[in-house]
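Trainee: Build the full structure now, drawing on both the sequences and the hints.
Respectively, the protein sequence lines represent chains A and B.
Quick note on the numbering used here: the first sequence kicks off at 1 and runs consecutively.
Quick note on the numbering used here: the second sequence kicks off at 1001 and runs consecutively.
By construction, these hints were calculated from the structure, which means they are not laboratory data.
Just so you know, even glycine gets a beta-carbon here, dropped at the ideal spot from N, CA and C.
Mixed in with the good hints, there may be bad ones.
Claimed, not checked - Distance ranges between label pairs, derived from CB positions:
(1) A/R76 - B/F1224: 57 to 63 Å
(2) A/I128 - B/F1254: 58 to 64 Å
(3) B/L1205 - A/L16: 46 to 52 Å
(4) A/G71 - B/P1202: 54 to 60 Å
(5) A/L74 - B/V1255: 57 to 63 Å
(6) B/F1126 - A/D194: 57 to 63 Å
(7) A/R93 - B/C1028: 43 to 49 Å
(8) A/A174 - B/C1028: 55 to 61 Å
(9) B/L1258 - A/F115: 36 to 42 Å
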Amino acid sequence: MLRVRGLSLRYPNGKLALSGFDLTVAAGEFVVVLGGNGSGKTTLLRCITRTVKPSAGEIWLGNTDLCALEGEKLRRARLALAMIWQHPSLVRRRCVLSNVASGALGRHFTLRTAFGGLPKSELEAARIHLAEVGLAELAEQRASTLSGGQAQRVAIARALAQQPQVLLADEPVASLDPEAADEIMRLLQRLASDERIAVVCVLHQVELAYAYADRVIGIRDGRMVFDLPPAQVSREAVHRLYLPEAA
Amino acid sequence: MSVDLASPQLGAAGAPAWRRALTIAIRCVLVLLGLAIIVQAFIVVQARPQDLITGVHGMADIIRRAMPPAFAELPSTFWPAVQTVDIALFGTLVGIIIALPLALLAAANMTPSRFAYYAARAVIGFTRAVSDLVWALLFVTAVGLGPFPGGLALGVHSVGMLGRLFAETIEQMDMAPIHALELTGARRIQVFSHGIIPSILPSLLGITLYRLDENIRSSLVLGFVGAGGIGFQLLTAMNLFQYQEVSLLLILIFVIVLGAERISAALRERLS
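Mentor: Put into structure tokens, the structure is as follows:
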């Protein structure tokens, strides 16, 4: 589903943020990426979404190399890629249902959607996505009234409205309490297994990676250190990811 | 290591004595300079407080002649009053229509290019720097007397005022939901209508209401240069020494300004 080959990114200041990174995630697989601050985890996701252009490498989404695309072709190809962040990034003054349905905007370009309207079919679909994340009863509520965990689930519902093949999550539970964090991880795991979505989730919580991931990837200084099933990842290997550079 | 506080080279706080003396001298010079600026302002405006005392008699005479206000003339003031409010409404609407796209170009987080940014900032700066009264004089010359040049003057000046405040609002907006929408594959106009507008609409409406309130005040004055409305009627009444009508118009102006201010404040409070 998602194949990354030899991905490298060098910033204009000369710093190498990613170096020859290879990654393959199949449909229905739940992959967690672990690594210290500045190790290149978020940069990896930003390269995959093509928010930043990699210096070298290939990003294959099905049969399409995202690195070879620009403009409208890139926008279309990117529809299959959904992303959620640490902060849910909802439009706070809109209702939950509109926020969810706005995930489908990329597929509908009409006069109605150009001026703030949403297709009725997508509003109905948004209710189903909200039910999937367990928030059907909050559809009409304003997004600004939601708790952190609820808002993150709405962000996931918005990602579902996009009908993605790949879901990228950048520290989606970093600002949540343990119970809400577990809920979100369970939800992501279920989306991977039931909806056959390839999920790549950047985390700092090692225990959550052990508990939910199909594979755990360790990253340090922009390089992959390991790519193993959780049962084969030793505590020492994880510990080494977070050691200061001089150690 | 200890400091010798008794040393003649150091003051109580440890600073050399000459430096403290220099600081005091600089402060004295600054105070004298400030006083000199204030005094020259009084001289330049030829301020004569004694004239205020001798002028009391003249003022009392005008007030006596202005009483009672000519309430019988109230029906004839209705139309100019409506014109005054409509000039402000027209000007504010013209201002919004031009200022909103300009503000998008002039907001650092939205502008498509540096050239567009500086060009939009230049237009906003220029329309704001020239006062509405000067714009009214220019438009009276261009399109003749009446409310239309007044509306145009307020419109152009509002472009500057609204453009700047709209751009600042857009720059302070939380960009995370906007980036999120962009990544869903939404087009620019969809991101604008589904993300930007809902996020900043209450602030834009608040700014617009405040501007409308300001424009109603300004439209009263614009009549003095022939741009229609109640100001024009006030000028005519003063030139004809119709002081009772002047006092009626002043009461009407007070009611309009106060009413607009209260309505605008109440609506802005609801929005916030």
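Trainee: Does the structure break any of the earlier hints, and which numbers would those be?
Mentor: When the structure is compared with the hints, numbers 4 and 7 turn out to be violated.
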